[in-house]
Structure formats: C-alpha cells, structure tokens
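*Asks:* One letter stands for each residue in the lines below.
Number of protein chains: 2
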Amino acid sequence: MFQNHTALTNAQTLFLTPSDVVSIVHAHGLPKVLAALAAYVQDDFLRWAQFDKSPRVAAHSPSGVIELMPTSDGELYTFKYVNGHPGNGQFGLPTVMAFGVLADVATGLPLLVSELTLTTAMRTAATSAMAAKALARSDARSMAIIGNGAQSEFQAAAFAQIVGIREFRLFDIDVQATAKLARNLRAMGLDAVICGSTREATRGADIVTTITADKSCATIITPDMIEPGMHINAVGGDCPGKTELHADVLRAARVFVEFEPQTRIEGDIQQMPPEFDVTELWRVLSGASIGRSKGAAGQSEVTVFDSVGFAIEDFSALRFVREAALELGLGSRIDLVPPLADPKNLFALLGEVPATLHSRRSVCYG
Amino acid sequence: MFQNHTALTNAQTLFLTPSDVVSIVHAHGLPKVLAALAAYVQDDFLRWAQFDKSPRVAAHSPSGVIELMPTSDGELYTFKYVNGHPGNGQFGLPTVMAFGVLADVATGLPLLVSELTLTTAMRTAATSAMAAKALARSDARSMAIIGNGAQSEFQAAAFAQIVGIREFRLFDIDVQATAKLARNLRAMGLDAVICGSTREATRGADIVTTITADKSCATIITPDMIEPGMHINAVGGDCPGKTELHADVLRAARVFVEFEPQTRIEGDIQQMPPEFDVTELWRVLSGASIGRSKGAAGQSEVTVFDSVGFAIEDFSALRFVREAALELGLGSRIDLVPPLADPKNLFALLGEVPATLHSRRSVCYG
Numbered sequence: 004m005f006q007n008h009t010a011l012t013n014a015q016t017l018f019l020t021p022s023d024v025v026s027i028v029h030a031h032g033l034p035k036v037l038a039a040l041a042a043y044v045q046d047d048f049l050r051w052a053q054f055d056k057s058p059r060v061a062a063h064s065p066s067g068v069i070e071l072m073p074t075s076d077g078e079l080y081t082f083k084y085v086n087g088h089p090g091n092g093q094f095g096l097p098t099v100m101a102f103g104v105l106a107d108v109a110t111g112l113p114l115l116v117s118e119l120t121l122t123t124a125m126r127t128a129a130t131s132a133m134a135a136k137a138l139a140r141s142d143a144r145s146m147a148i149i150g151n152g153a154q155s156e157f158q159a160a161a162f163a164q165i166v167g168i169r170e171f172r173l174f175d176i177d178v179q180a181t182a183k184l185a186r187n188l189r190a191m192g193l194d195a196v197i198c199g200s201t202r203e204a205t206r207g208a209d210i211v212t213t214i215t216a217d218k219s220c221a222t223i224i225t226p227d228m229i230e231p232g233m234h235i236n237a238v239g240g241d242c243p244g245k246t247e248l249h250a251d252v253l254r255a256a257r258v259f260v261e262f263e264p265q266t267r268i269e270g271d272i273q274q275m276p277p278e279f280d281v282t283e284l285w286r287v288l289s290g291a292s293i294g295r296s297k298g299a300a301g302q303s304e305v306t307v308f309d310s311v312g313f314a315i316e317d318f319s320a321l322r323f324v325r326e327a328a329l330e331l332g333l334g335s336r337i338d339l340v341p342p343l344a345d346p347k348n349l350f351a352l353l354g355e356v357p358a359t360l361h362s363r364r365s366v367c368y369g
Numbered sequence: 004m005f006q007n008h009t010a011l012t013n014a015q016t017l018f019l020t021p022s023d024v025v026s027i028v029h030a031h032g033l034p035k036v037l038a039a040l041a042a043y044v045q046d047d048f049l050r051w052a053q054f055d056k057s058p059r060v061a062a063h064s065p066s067g068v069i070e071l072m073p074t075s076d077g078e079l080y081t082f083k084y085v086n087g088h089p090g091n092g093q094f095g096l097p098t099v100m101a102f103g104v105l106a107d108v109a110t111g112l113p114l115l116v117s118e119l120t121l122t123t124a125m126r127t128a129a130t131s132a133m134a135a136k137a138l139a140r141s142d143a144r145s146m147a148i149i150g151n152g153a154q155s156e157f158q159a160a161a162f163a164q165i166v167g168i169r170e171f172r173l174f175d176i177d178v179q180a181t182a183k184l185a186r187n188l189r190a191m192g193l194d195a196v197i198c199g200s201t202r203e204a205t206r207g208a209d210i211v212t213t214i215t216a217d218k219s220c221a222t223i224i225t226p227d228m229i230e231p232g233m234h235i236n237a238v239g240g241d242c243p244g245k246t247e248l249h250a251d252v253l254r255a256a257r258v259f260v261e262f263e264p265q266t267r268i269e270g271d272i273q274q275m276p277p278e279f280d281v282t283e284l285w286r287v288l289s290g291a292s293i294g295r296s297k298g299a300a301g302q303s304e305v306t307v308f309d310s311v312g313f314a315i316e317d318f319s320a321l322r323f324v325r326e327a328a329l330e331l332g333l334g335s336r337i338d339l340v341p342p343l344a345d346p347k348n349l350f351a352l353l354g355e356v357p358a359t360l361h362s363r364r365s366v367c368y369g
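Going down the list, the sequences are from chains L and F.
For the first sequence, the positions run 4 to 369 when our numbering is used.
For the second sequence, the positions run 4 to 369 when our numbering is used.
Simulated from the structure, these hints should not be mistaken for lab results.
Every value quoted in this text rests on a predicted model; they were computed, and no experiment measured them.
Some hints here could point you the wrong way.
[To be verified] Distance windows between CB atoms, simulated: (1) G90(F) x S335(L): 27 to 33 angstroms; (2) L49(L) x G244(F): 31 to 37 angstroms; (3) V178(F) x R336(L): 34 to 40 angstroms; (4) R202(L) x G244(F): 43 to 49 angstroms; (5) A344(F) x G290(L): 42 to 48 angstroms; (6) A190(F) x S335(L): 53 to 59 angstroms; (7) A291(L) x G95(F): 43 to 49 angstroms; (8) I268(L) x A190(F): 30 to 36 angstroms.
[Stated by the list, open to error] Far from chain L, some chain F residues (derived; all Cβ distances over 12 angstroms): (9) G244; (10) S289; (11) A291.
Virtual Cβ for every residue (Gly too), placed ideally from N, Cα, C.
Isolated chain L (complex conformation):
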C-alpha cells in the first residue's frame, strides 16, 4: 500500500462528499454501480476467513443509536460510523446517516474519508440482491416492498438489475412514502403497484423485502402471508429490540445470515433460541453450504435472508467508491494528518513558539 500513500503528497487523505458519490452513480448509471457493489461484496465474502470480524460497537440512547463498524483484511482497515434515529424527520435529517474511513494497515494512514449515507443504501441493496440471487427461486419476477422509506428505491433498482424482478408491490403505513417510491420507480421505468396492506402486497409475491424503520419488535410478516417458494429479504430488523418477522415465519423457513454472532444480537433471529439453525451466506456463495434446495423441493422451500448489515459490506463499498473516484478524478484532498519533516518532531508543527516561560539554559551535569 506504500504506493498509495506516496501518491497523496504530504499524507493527504482523499475525501468524498455525497455529491462525489452521486457523480460516480451518474458516470456509470445506478444499475451498473449496484452490480459492481454486489460483485465487490461477493468477492470479499468469498475471502471471509481473511477478515477480522467483530460485532459492531453501539451507543444506544433514548432517541436512537450510533454505531462503529470496523473490519480489516490485514492490508486495508475500514470502519463505518452510522446512526439510526427514527425521529430525525422532524429535524429535516435522514433516519440513517453514515460516513466511513479506509486506512492502510501497514502504517495506519487514513487513505479515504467518504460519505456513506447514500453508499450504505446502495451497498445494502446490492447485498440483498446478491443474497437473493443465491437464495430465491431463479424464476422470481415479483417483489413486495414493505416499508417505503429512504432505502426502498435502491432495493428495487438492485433487484431489477441483479435478480431480474419486473414488478414491485408497495406498502407503507405512510401513504406518502409509498407514493414517493412509486413515483421514483416509475421514473426508473420499473413497474410499481401501490397496495393497501402488507397482506395485499405480499399476495403472490416471489420475494418479500421488509425494510421498515420502527425501533420495536413489530410483526410485519405473519405466517399466513407466507407462500411456498417465497424468499424473504428482511432488512429492517437490525438492532436489539427491532424485528419484523413472526417467529413462526422463521421456524418455517431456512434462514441465512451475514455474521452469525452479530445477527443473533441484532437480527430477526434475536427472538429465537441460540440453537436455532442458521447458515452464513458466504458459505452458500463459496459452495460450502447449500442455499435453496435443487429441484422440486427447492421450488416450495421458504428462504429468509436475515440481514443486519455487516462491516465487510462497508469495506467492499469503501474499496469500490475509492477506486471509482480515483478512476474518475473525483473527490478532494484533505489534511487529516500533519505532514512532518521529522516524525519525532511533532512540536515543529507549531513553528515559532508564541509564549515562553523561562530563559535559563544548562548542560548535563549528572
């Protein structure tokens, strides 16, 4: 990685704003960016053993949560800062805001600071679609989206591009959110069906994506809504005390997760006993475990991707935006770390010392 930081004169760090990431999307188009993100995440999931993995570090408060999500593959280190504050709308702020850092493990130098609010929505959608590509029926063409907030358009775009979904059936308790999603999907040329209830939206759907924001143990999906062969992409149940699926939905399904120790705490399976069987997704991708069964049995199996968002996905996303930005010449350089002619002389940064205390000098007499 030494080549990388000598390219940054004076140890400068690349900084990407939300506008820079929008420019990446405009340069390549959203479908290609989502496909690239899915490929980066899949590449990193396939070298799972190389990563330092630990559950995120969360600071909970009455209004929400602030989390740090670090990981490293031994060459690069990344972390994401992300909050979740359901009441942020009243302040004109997003519920979820995020930024991240990518650093060189050999020196600790931060190489990149990037927005991750927009990027998280894209990497979550890309990961969901990558998982569905491995777990859903290959003939899946319709998807219900329950919860039509900030991330829903990205989910739809990723499933259209990566899984081949052709019809989106929308429901949210906030009808204006659904109207916004339908408008945005139609602007992308996607089929949007506005539905009056979760039951109506899920009826006949091949895939059900739940991406609601309430910080409570809700039961969005009940067993009577489940149809043979369905794949459930459960995205919104992602912190302690926040679930979306009825326990019987989980019991009736084969359940796949990102990183089991974290999902046991944060995912929908937090309501299940510790021995409840789950499979880590990387095992399916690598062929170490079976996803949906082959043949007729597989056609009626119900699969669940109990997604909570894992640090390796942000690692992949930070790699992607850095490479895309360097290729396109996007971003700016910021002074996060001081350039030092003599690394042991940090004090020299202060230049002329402005205030003196004494003036006597002495030599060693010890």
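Given the coordinates of chain L, work out where chain F should sit on it, guided by the hints.
*Replies:* Chain F only, in chain L's frame:
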C-alpha cells in the same frame, strides 16, 4: 444540541485540519491551551458517572495497531481513530496519527471532524500534568523525561505550566531525539539537561515521565532508580505487550489509573495480578479517594500514574477544539451528510435517473 446543527446549514460538519489546531495554539499560546485542556479533562473526569465507558476497540497487525475509542455523556458522542506504528519513521509518517469526530446524540449528526495527532499529544500532556498536580509533591521542580519523541515537548510544556517544573532531565537511546527535545525546550525558555542514561536522568528528579515508543515489555525504570517521594508519570506503556516499569516499581508505589478495566489490559499493570490495588484518578480529583498522603508520610510516598489514554480525554479535547475554533472562526465546513428536502427520499439525491430498465406502469389490483 438542536441550535448547534441548525447553525450548520445543510447539515454541514465543521472540519479542523492540523493547521487549524496550530492556529488555536498560536492564538492563545501553548501554555494556555494546555491549561485549558487540563481544565476540560478535569471537568469531564469530575462527571465520570455520566459517561458511557468501554475499553477501546483495537485491530492489531504485525506493524502496529489501529484503535477506535468511543464515548458519550448522553448529549455528545465522540470517537477517536488512532494508530500506533513504531516503524512509520521510514515512511516519513508519525508513529501516532489520529483524528476524531464529535456528534449530537439526539440526532446522530456528526458536528465536527478534527485532526487529533497534534491534539492528542496536547491532551495527553495536559492529562499527565493534571494527574501530577493531584499526585506529585507540591514542591516538585525537576522532571526526568525518558523517551524524547514526538510527545515529549508537550509533556514538558504542560508540566512547566501546570505543575511548576523548572528543570527537565532528558534521555533517549536516540541521541538526536534528545538533541531535538533540548533545542525545542530551550526555544520555549525551559531548562533542558541532556543525560547519558535513564539512571542519570532520574537521579534526584522529583517526577519521572516515561514516554518511550517500543512495542515490547521493556524495563525502562528499575527499583534502584526510585527515590522517596517520586511521582512516576508512565505514559508509554499503553497497549498489550508494551510496558515500561519493573513490577517491583509498581509494588513499591501507590498506583493511579484512568479507567481500570482498560488499564488492566493495556497499562503497566498488565504485568500485575488482577487483585493488584489501583485507584482511578477521578476518585482523587473528586475527593472520593486520597491521592498522595498528607504530611511527612506523603513526602516519601512513591506514586505512579499508569496512563494509557482514555476516550473521555479525547471527548474533552474535541469539545475544546470545537469551542476554540468556533470562537476564533477557524475551520471549514464539509459535506459529510447529504442535505435532504424529504428525509425519506434519499433517492432524490441522484436527481434525474441516468439509466432506465423498463417502462410499463400499473396500478394496484391486489
């Protein structure tokens, strides 16, 4: 905190570079900045119970360590990113580089991103001097500094300003580092005595500061160097496998720490059994525990501040640089979080959608 983020139009974040922090130092003078930092740290230590406290999250590699240090008082949340890479000199990079973030707990909005390389050196020195003010003999006037690297000038300046130290006795195995420190101290008008060994430097010193960088269990200070009434400010032993004091030095002294669970892992006391008695510094500051004993007994007591650096000190430092920068009109505004007219419409950031997939529209028929 709502006043604070409405002041940042479009959810912009204040960004402070090393140059901005240098400007704060130039505006007030280093002694006043160190005294202010010590006061901020002391204020926060005195409301110890209000803080979320957890040991730092470390990622170790063969070349060094990268750490995240989060904390919160329920109103503000901060974290520091900091590395420790002893071999960084060969790349022209500091051994320790750091930056930090201060955020609003109520919304999760990042209010400040700041350099903390220079600031960490100042907050560490301010904390050391604040501890020595509470623990060393009040007539202490000479201090040995063992390890004359990047942080040593700041230690000297803080002890001169806050503790009243008048003579600094310097030793480092790197004679050029000592020459640099002596030159910098003399430029500040401080007495610098260059010594040929640790033994020579510590002889007759009232306070001994150890701030060496080797990542190993070294024995810098041995029992024969200890004199009655000495205070030892042990700063360099700050991660697993890195110590500076002989175990018998600790046994012969009263030992004070920042946050006991972290220091048991990272401090010089990592070599002691779990039942080895230590006192958290905040207890001394608040009067809940006794520091150095009063009267004649206290004059001969040996005290050790086994300092590893704790997240609350960075919280205090981030509070200080933010308030100082806002007062002086320093820093710039960066777009870390996207401004959204409708927080549920993150997708609107992308503006016109560049690539379409389909065009059929439909209405609900469920």
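*Asks:* Next step is simple, just say for each hint if it's right about the structure.
*Replies:* Now the hints, each set against the structure:
1. G90(F) x S335(L): 27 to 33 angstroms: Once the Cβ atoms are compared, 30 angstroms apart, the range 27 to 33 angstroms for S335(L) and G90(F) holds.
2. L49(L) x G244(F): 31 to 37 angstroms: Holds, at about 33 angstroms.
3. V178(F) x R336(L): 34 to 40 angstroms: Holds: the Cβ-Cβ distance is about 36 angstroms, inside 34 to 40 angstroms.
4. R202(L) x G244(F): 43 to 49 angstroms: 59 angstroms, violated
5. A344(F) x G290(L): 42 to 48 angstroms: 46 angstroms, holds
6. A190(F) x S335(L): 53 to 59 angstroms: With Cβ atoms ~35 angstroms apart, the hint is violated.
7. A291(L) x G95(F): 43 to 49 angstroms: With a Cβ separation near 44 angstroms, A291(L) and G95(F) satisfy 43 to 49 angstroms, so the hint holds.
8. I268(L) x A190(F): 30 to 36 angstroms: Given range 30 to 36 angstroms: violated, Cβ gap about 54 angstroms.
9. G244: 17 angstroms, holds
10. S289: 24 angstroms, holds
11. A291: Non-interface label stands for A291(F): nearest chain L Cβ at 26 angstroms, farther than 12 angstroms.
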